[in-house]
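First to last, the sequence lines map onto chains V and B.
For the first sequence, position 7 (counting from the first letter as 1) is numbered 6 according to numbering that gives the first Met the number 0, and the numbering increases by one without interruption.
For the second sequence, position 134 (counting from the first letter as 1) is numbered 133 according to numbering that gives the first Met the number 0, and the numbering increases by one without interruption.
Just so you know, the hints here were simulated from the structure itself, not pulled from any lab data.
You may find that some hints are simply not true.
Which copy? The list can't say, so a pair holds if one copy fits it or any two copies do.
Stated by the list, open to error - Restricting the straight-line Cα-Cα distance to at most 35 Å, the calculated cross-link-like pairs of lysine-lysine (DSBU-like) are:
#1 LYS354 / LYS63
#2 LYS86 / LYS13
#3 LYS194 / LYS146
#4 LYS194 / LYS12
#5 LYS13 / LYS77
#6 LYS13 / LYS275
#7 LYS186 / LYS13
#8 LYS71 / LYS86
#9 LYS321 / LYS13
#10 LYS20 / LYS6
#11 LYS192 / LYS12
#12 LYS69 / LYS6
#13 LYS192 / LYS13
#14 LYS354 / LYS201
#15 LYS266 / LYS146
The residues making up each chain are set out below.
Protein chains: 2
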Amino acid sequence: MGETTNKLLAMAKKVGTEIPKRELDVLLATGEQQTVALLAIALQNLGIEAQSMTGFQSGFVTNKYHTNAKIKEINTEKVEEIVNSGKVAVVAGFQGIDEEGDITTLGRGGSDITAVGIAAHLGWDCEMYTTSECLYTVDPELYPEAKPIRAITYEEMMEIANLGADKIETRAVELAKKYNVKLFLGKSLETDKSKGTYIMSKEMIINENLLVEDMPITGMSIQDEVSIFTLRNVPADGKAVAECFRTLGELEINVDMISQQMAADGKCTVSFSCSKEQGDALQAELDGQEVFSDIIVDREGDLAMISLVGVGMATHSGVASKVFQVMAENDIRYYHITTSEISISVTVEMDQKLKAAIALCRAFRL
Amino acid sequence: MGETTNKLLAMAKKVGTEIPKRELDVLLATGEQQTVALLAIALQNLGIEAQSMTGFQSGFVTNKYHTNAKIKEINTEKVEEIVNSGKVAVVAGFQGIDEEGDITTLGRGGSDITAVGIAAHLGWDCEMYTTSECLYTVDPELYPEAKPIRAITYEEMMEIANLGADKIETRAVELAKKYNVKLFLGKSLETDKSKGTYIMSKEMIINENLLVEDMPITGMSIQDEVSIFTLRNVPADGKAVAECFRTLGELEINVDMISQQMAADGKCTVSFSCSKEQGDALQAELDGQEVFSDIIVDREGDLAMISLVGVGMATHSGVASKVFQVMAENDIRYYHITTSEISISVTVEMDQKLKAAIALCRAFRL
């Protein structure tokens, strides 16, 4: 059903240049409704009792933000009733209704959120099946020696997902973490569970003996087409910086790395990164802003951000120094390094990406 | 969106040989959901405030007979609310939910029924727009001198709809009659209402001065591919006849004309007509029935049924005799004539259809 959403969008564009979000949700929700009906039909034809459910039937109550609604409440009685009667409940992902009964969709990653939401509410585990066998320490296309990850913590997964991996949506992992839902990612039709990846708390990983080795770094993710903005000569009263980040918020720009340094003259320098696409929107906006008139805006537009993620980082010292050392030994120029509790990210020129990634994979045995 | 239902059915057949009706309804209801979203988008792009509604939102509560559900209750508060706020309510036809919240569809003519149902509930008029300008006294393709019908009673319309005209579903007209809903059939984009056809009670027609002339016959409808069964040597105790019609009911065969005559030997002869397709199903069934062993079953398989309909028939004598006279004068053999309060139907060989129809049109000035 992969093409359904695009086809529906094309139909909408034929009848109007402005597509009201409420109606777009009514239209887009039909794709998942068709999918669940077809899956229920297929299951019943395999002799498995099954029943489909749309958003209003499965009890997903959301706020009113059409096309990007957030779940307010899940009334799972009907799902439980179906499952308790021995049937498979086939629940339409991505959709719900608001408190006035209008159809809403959950936006990007909405199907993951539906699945985790039900599991969280009922205290069940949640398994997700796609075309890839498991998560790897790094993209195997890039680095064929990449190792499969058997278990990863919620926090690491959120860092990796935020940093561009498309296996599972951050909002879904966040929900799983909040309610301690054991997640499993596996390949469709693969029955050997030892081939997939579990996502859970560090305690659960230890309890289930899934921690193979106490490695500081669990995985690497790479984001292409990153822009870095550097604002110089910024008044240090905080007003200009606040204004800048307000603008970023209004443009719905997700900033990945922020750093601020004081200069000798009492002014400061602020850097941050975002996707190249969002950077273009920001550039247009910044050019017209009064408050930025004295500030010098530099932008590096075509970078790659390589991130190393691992909860072990908090207890293993020397990760940052090892990154600096790898960069120096391989003669790779980097623009920015930032760290969080469990990650370290470095931006390099696009044409240095592969060299840097492989050097870091080797150094951290990914 | 005409092809949507067939495409959805084809998808369902790909995943299963048995298609459970509950899931078929979930699947088929998406077609109308897409249509109402697209129509609401189109209206808003024309500057007209509009809001789409699916079956569960518009308050159509039905019984549980999936794919052919009947309306139990219509809760029109939300439709009223939208309309009272100055918006167009774009309600998905053909669908509802049952009391457990399962999606149902209303079967053939379901969209007409949805429209009339809302109008009936709210005391509004109901207008339906298609590609044809109005109803005609007889199909203009067949008889180019056919006259437009400006107004027709519910009863006449039900006879004509039952007899094969496809302008509007009988169930919808029945509902309109029950609640005295003024119906209007017109052509899309035609703004001159005097070109369409009103369907209402005889009193309303008289009150609105729409009765042009006190004609006995309002219109003619023709049904092709009709079968007539004649059962001879049937015991007159009623048991065999009852059994036969029980079988017809089980096969969901709609019988159009029934007549029964006593023979001299205490046995009786029963005739009835149905569509050729249903006749084939019945034939197969009758061949295996014990109770029919002594009964002689004759079948004429390739007939056309011409029906004249008009409320004036009840007050104008001589309609039947005029029909007999037209048949005789034109040397047309007929198999069966039956009459109701407001209609008279005659079956002829398919190759005599046109000759008979034109002769009757001329005789009754249609």
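query = Within a copy, between copies, both or neither: where do LYS266 and LYS146 come within 35 Å Cα-Cα?
reply = Classified as neither: same-chain Cα gap 46 Å, cross-chain 89 Å, threshold 35 Å.
ask   = Between the shortest in-copy and the shortest cross-copy C-alpha distance, which are at most 35 Å for LYS186 and LYS13: within, between, both, or neither?
value = Between. Shortest inter-copy distance 23 Å satisfies the 35 Å Cα cut-off; intra-copy 38 Å does not.
key: Intra- versus inter-subunit Cα pairing at 35 Å for LYS192 with LYS13   = The answer is between: 29 Å across copies meets 35 Å, while 46 Å in one copy does not.
query = Should LYS69 paired with LYS6 be assigned to within, between, both, or neither, using CA atoms and 35 Å as the limit?
reply = Result: close both inside a copy and across copies, 25 Å intra and 33 Å inter.
request  = Give the relationship of LYS321 and LYS13 under a CA distance limit of 35 Å: within one copy only, between copies only, both, or neither.
outcome  = Close neither inside one copy (55 Å) nor across copies (56 Å); limit 35 Å.
request  = Using 35 Å as the alpha carbon limit, work out where LYS354 and LYS201 are close: within a copy, between copies, both or neither.
outcome  = within (32 Å within a copy, 88 Å between copies)
Alpha-carbon proximity context of LYS194 and LYS146, limit 35 Å = Intra 12 Å, inter 75 Å, cutoff 35 Å: intra-copy only.
ask   = What label fits LYS13 with LYS77 when the C-alpha limit is 35 Å: within, between, both, or neither?
value = Close across copies (29 Å), not inside one copy (38 Å); limit 35 Å.
key: Homomeric proximity label, LYS354 with LYS63: Cα distance no greater than 35 Å   = So LYS354 and LYS63 fail the 35 Å test inside a copy (47 Å) and across (64 Å) alike.
ask   = Between LYS13 and LYS275, at a C-alpha cutoff of 35 Å, which is it: within one copy, between copies, both, or neither?
value = within (30 Å within a copy, 43 Å between copies)
query = For LYS71 vs LYS86, is the C-alpha pair at or below 35 Å within one copy, between two copies, both, or neither?
reply = Intra 27 Å, inter 28 Å, cutoff 35 Å: intra and inter.
query = Is it within, between, both or neither when you check LYS20 against LYS6 at 35 Å Cα-Cα?
reply = Intra 17 Å, inter 26 Å, cutoff 35 Å: intra and inter.
Violated hints, listed in ascending order, are 1, 9 and 15; each of the other numbered hints is respected by the structure.
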